[in-house]
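These protein sequences, in sequence, are chains A and B.
Heads up: the first sequence is residues 1 to 496, going by the working numbering.
Heads up: the second sequence is residues 1001 to 1241, going by the working numbering.
Wrong hints could be hidden among the right ones.
Cut-off 20 Å, straight-line C-alpha distance, at most; resulting in silico cross-link-like pairs (EDC-like, lysine to aspartate or glutamate) [said to hold, decoys possible]:
| id | chain 1 | residue 1 | chain 2 | residue 2 |
| --- | --- | --- | --- | --- |
| 1 | A | Lys279 | A | Glu215 |
| 2 | B | Lys1044 | A | Asp98 |
| 3 | B | Lys1044 | A | Asp60 |
| 4 | A | Lys15 | A | Asp289 |
| 5 | A | Lys68 | A | Asp289 |
| 6 | B | Lys1044 | A | Glu101 |
| 7 | A | Lys334 | A | Asp293 |
| 8 | A | Lys68 | A | Asp297 |
| 9 | A | Lys55 | A | Asp97 |
| 10 | A | Lys55 | A | Asp143 |
| 11 | A | Lys408 | A | Asp445 |
| 12 | A | Lys389 | A | Glu165 |
| 13 | A | Lys55 | A | Glu101 |
| 14 | A | Lys15 | A | Asp144 |
| 15 | A | Lys34 | B | Glu1042 |
| 16 | A | Lys55 | A | Asp71 |
| 17 | A | Lys389 | A | Glu167 |
| 18 | B | Lys1044 | A | Asp297 |
| 19 | A | Lys334 | A | Glu405 |
| 20 | A | Lys55 | A | Asp144 |
| 21 | A | Lys15 | A | Asp143 |
| 22 | A | Lys80 | B | Glu1042 |
| 23 | B | Lys1027 | A | Glu215 |
| 24 | A | Lys85 | B | Asp1208 |
No lab work stands behind these hints: they were computed from the structure.
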Amino acid sequence: MDVRSQVSMVFHLDKCIGCHTCSIACKNIWTDRKGAEYMWWNNVETKPGTGYPTKWENQDIYKGGWEKNGDTVSLKGAGKFKGLKNIFHNPHMPVLDDYYEPWTYKYQDLFTAPEGDDQPTARPVSLVTGEHMDVQAGPNWDDDMGGSPDYARQDVNLEKLSASEKEAMFQLERMTFHYLPRICNHCLNPACVGSCPSGALYKRGEDGIVLINQERCRAWRMCVTACPYKKSYYNWNTGKSEKCILCYPRLESGQAPACFHSCVGRIRYLGVMLYDADKIATASAAPDDRLVDAQMDIYLDPFDPEVIKQARLNGVADSTITAAQNSPVYKFVKVWKLALPLHPEFRTLPNLFYVPALLPTMATVADGVYNSTSKSLWNGVESNRLPMKYLASLFSAGDTGKVTEVMKRLMAVRLHRRGVTVGDLNAAEISQALKDVQMEPDTADAIFRLTSLATFDERFVIPPAHREESIEMLENTGDVKGNTGFGFKQKPARGL
Amino acid sequence: MTNILLFAVLPYAALAIFLVGSIYRYKNRGFSVSSISSQFLEGKTLFWGSQPFHWGLFILFFGHLIAFLFPSAVLAWNGQPVRLLILEIAAFAFGLSALLGLILLIFRRLTNRRVQIVTSKMDLVVYAILLTQIISGLLIAYHSRWGSSWFSAFLTPYLRSIFVFDPQIDAIASVTSISLKVHVISAFVLIGIIPFTRFVHFLVYPVDYLWRSYQQVIWNWSRKHIRTSRSHSEGHKSMNN
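So that you can see chain B by itself, here it is in the shape it has in the complex (with noise of 0.2 Å):
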């Protein structure tokens, strides 16, 4: 029963309340959306904490999609033991520059004055899902080696099961690693969270600014258009942001 509301139940609701809460606070609460930086108040600890944490996380992130959305790829690299090697390294150096910027960013908000102003209690909880994310994650990484190999063949089955309406718990609920499970507790709580945390400022990644043209003009209406159309309803609308 336990199991049902943790790996089955949690999982929906995580992802119904990511999904209508993210939603709803960009249309409605779209002011609240922002990375609400300190660095203004206080920028040299947090080079170090920031740019660790931050691209520890970025590239973790990638490969856990990696691992679920092309799991035979993954396999396939890990074919040759050195190739495995190099992959179960190179993640769980990326998990401990996650963890240890993490550790500086809290220490730096928890002591700095001027940063302590601008804390809130939701700020604490983030931290503290963000602890046990990476530590669960690096202890699978330790204790239960491998994992780029053996999540292809059990973890991926079990989300995909989730995102076709079909979950299948049972391997899952039958592993006896404590810290597994936190994992993918943690995960979905973390999931169920973004859109009450900072964590949405991650969902505006601003990827357009990569196509977009330099400068932006924004007019309020097409005077030209008005002027020049012949029928009464033409004129184009410009949104005005």
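Extracted from the complex, chain A is given alone in its bound form (with noise of 0.2 Å):
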């Protein structure tokens, strides 16, 4: 067992509003910047929807993540041959145009326009070539299923759903859509890690969070191409990549990183998860049908002695321990068993959760009359407005029973909670809903409480960076011990 520490991340759907705060905070502070204005790492896609870059999902084009190989996995696009074939023209790498050209106004010329008939106007500039353009697409564009035709019809995730099934789903009636917000899954498997032939990406040891070294990256681009999420950006004007550096100058400083600190709707949590690092060899090469399972299996007990026995083994810092004994994050993914990833087939064991959100059934139309009486209150997850089979293509490889099954306990919740706040449904329909689950009372208001009412310091649960030793990064304190100190850079030795 080798006990290792990851920061990880849940994102509650059904708390997303799409307001994009999360994607401005980001912006804001780290990509504002020439070359990056293209960049989001932090992006609010609507779904069904083609999401940024477009198609991002589609790895027939782009060729990202892992494929099965027999025992073992081997990198779709990249990899040690295929990469330093195509190191002079990487032949599946997204282009500006994939994503959008950046542009602002001339504002300027609201003021300086002559007097005239017309209203002045600031019209849009490139932001690569300073030139007038006219503006074709954007980081949001379908926001809002805004273009459906063009945009939501060709969701990747439709290609499971059956032509009826996916009419349904664009009925103007049935019509339904939630938010989907990305940021790097700072993986277990990272594939952008694994394609970089100059090796200026790693995973630190000690919160596994994800980074590019600036003075290493050459710019292959073939991260670019390799992250099945395309979380990892070339940035054109100084030739090197970058990516979501999940803010850690905060994280070390005990502040959780902006896009989490400024969410609206709360939705997000951060928290440890100690896991095994011996099991992501098989867990990355599990058959599609385990992914998931194989996944969870990865992440371990921080109550069981035995592993906080191998964790200080490790040097896993006591603090980081307790840091995840109160995870809210082990909370929602192992204990309550409320979060999945985002595409497990990419197979690179990404670190971000997702609780999907219930989009429940309230009425029916036929024959053209609104018709909101049902049997029970919500109807069932199965006539939910997302069909599971969608869901199931975007959180657990395709696999709908997960997906129902989640869906099933976020039901029963609700149900329970209705039970306590209103009171106006039948009390055996929701004992039976919650034993369907095998949740008890407490367990559905534990997860009421972690999903509505949390504080701060319950959303976010960071371990301490332990700055009081980060001497020893850069020198052996006892090495300098005797030596007088002040500002010696040398060992004081006496003159000749």
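Join the two chains, each given in its own frame, into one complex according to the hints.
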């Protein structure tokens, strides 16, 4: 058992209102620079939709992630042979137009335009070339399903649905969507790290954050292709790739990452997960229907004395173990089994988990009549407005059972809380719903509490970075003991 | 006098600048060592330019290196006329592919608006020197044929004399072929300007990727080692990058 600690995340999609505050917070801090204008380390997509960059989920186009190769996995579009062969031209790399051409407006023209019959306008200018441009696309161009025939219908996750199921999704009366905020998943088996020919990408041992060493990046661009989530971006100005750093300077000083901190809907949770690094290889090569279970198996119980012992032997700080025991992510993912990884079939073992949105049917339209009568309050998850097949394509590699189970648990919590707060439901129906998913009322209350009433410190349990020990990163304190201090860089040796 | 400058002083100056400059840039200006790819801004034309150009140069570079290091092996290969012909035609083809690729790359850089934005003056110098180098090389191959054979008899000794610090420039100074002289001179100029241009990217070609493990985990320090260490000065110091 090789116990390591990983800073992991949960996004609760039921609570996301799609306000993009997270994206703006991130942009203002990290990517408001030349060459980075088009990058959105944090972005919010509307699902169904094609996302950013366009159709990023379609690995037939971009060849991202790992593919199963017998008992092991290999990179789909990169790797030692393919990477070095394609180093002069990377055939699957998205280019600027696959994201969008960033622009600003010539605001000054509003003031300097000569007097005339028309209102002066601020024309858009490209942030790449500085020339006038017609805006063709943006990072959330299909926000709220805008332009559905062109975008939402192109969603890759619809492939597994039958034609009639697809049509049903796009009937005006049934049409629905949810938001999907995305940041780097800081994967356990990162494809970007595996694909980097110059070894610039690495995973930090202490907290598992995946970073790009800007001094060693040589613009071979393989990480851009290899990341199946397209969360490694190429800075065309500096000639270096960049990615989400999970605001590690903030984490190290005990603050939540900017996108987490600023989240209006409080959908984001951050905490430590202890995991067994020895299981990574087998879990990433698990068969499709076992992928989610295999990944869940990697994460360890932080209360298990054996795990604690092994973690200490591995140098995991006691404060980190405590953080793992209080981790909201551990609760959502392992204890309550409410959160699933996004596209586990990419086999990178992502550490960002999503609680899927409940989109219950509240009414039906038949013969033009709006009918809101139903046997049960929310009609059960089977008649959810987004088909289980669609959600399964997003969160469980196509396993509808897995998603249905999560939705049933979420529904049970809702029914239970409805019983507590309103009390208009049949008690037997509530207890049956809880029994179906083997959930105690206390657990349902705890889920409700962490979902709806959680304080800042409950949502973000950040392990201390132990800055008091950081001097040991630079030097062995034992070496300089006994030397005169105060500014000597070299040992104060006696002169000749 | 001119010959001494061009064939004895220039090579040493170029090699010295190359060595000192490249090491300095790698160590002190590491951030600037990049292939500064422009594929992100334009990818389609790049394919038809970059692939033939790079593979052409790649093969020719190693061809020249082998002729310099193992001239007897090349001569032995050329012992049969058919094999000589194959070698010469193949080399010429790779030269042509490099030239056509380069022309397309220059065209792309000068006409595509986005790529123009990331074009520096040094890029134009790079193009000029590469054009000179490739065209003069092709002219030699055409006018003074069977270079793979006479190279070892006459250029290898000159190049070797440079590396053993005993430059013998009489042979090279007495050649009448202008393109050959240009080829040699521009080669040394090219070597000399490597540290000041994007040429540095070929020095960091990632061969070590071949034997590295795919995943890389870097620990800031080994807590385990620090905690279990008995000596006050022991403890593994890991490089952060």
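Hints and how they fare:
| no. | hint | in the structure |
| --- | --- | --- |
| 1 | A:Lys279 / A:Glu215 | violated (32 Å) |
| 2 | B:Lys1044 / A:Asp98 | holds (13 Å) |
| 3 | B:Lys1044 / A:Asp60 | holds (18 Å) |
| 4 | A:Lys15 / A:Asp289 | violated (28 Å) |
| 5 | A:Lys68 / A:Asp289 | holds (13 Å) |
| 6 | B:Lys1044 / A:Glu101 | holds (17 Å) |
| 7 | A:Lys334 / A:Asp293 | holds (10 Å) |
| 8 | A:Lys68 / A:Asp297 | holds (19 Å) |
| 9 | A:Lys55 / A:Asp97 | holds (12 Å) |
| 10 | A:Lys55 / A:Asp143 | holds (14 Å) |
| 11 | A:Lys408 / A:Asp445 | holds (16 Å) |
| 12 | A:Lys389 / A:Glu165 | holds (9 Å) |
| 13 | A:Lys55 / A:Glu101 | holds (16 Å) |
| 14 | A:Lys15 / A:Asp144 | holds (15 Å) |
| 15 | A:Lys34 / B:Glu1042 | holds (18 Å) |
| 16 | A:Lys55 / A:Asp71 | violated (29 Å) |
| 17 | A:Lys389 / A:Glu167 | holds (14 Å) |
| 18 | B:Lys1044 / A:Asp297 | violated (44 Å) |
| 19 | A:Lys334 / A:Glu405 | holds (14 Å) |
| 20 | A:Lys55 / A:Asp144 | holds (17 Å) |
| 21 | A:Lys15 / A:Asp143 | holds (17 Å) |
| 22 | A:Lys80 / B:Glu1042 | violated (25 Å) |
| 23 | B:Lys1027 / A:Glu215 | holds (10 Å) |
| 24 | A:Lys85 / B:Asp1208 | holds (14 Å) |
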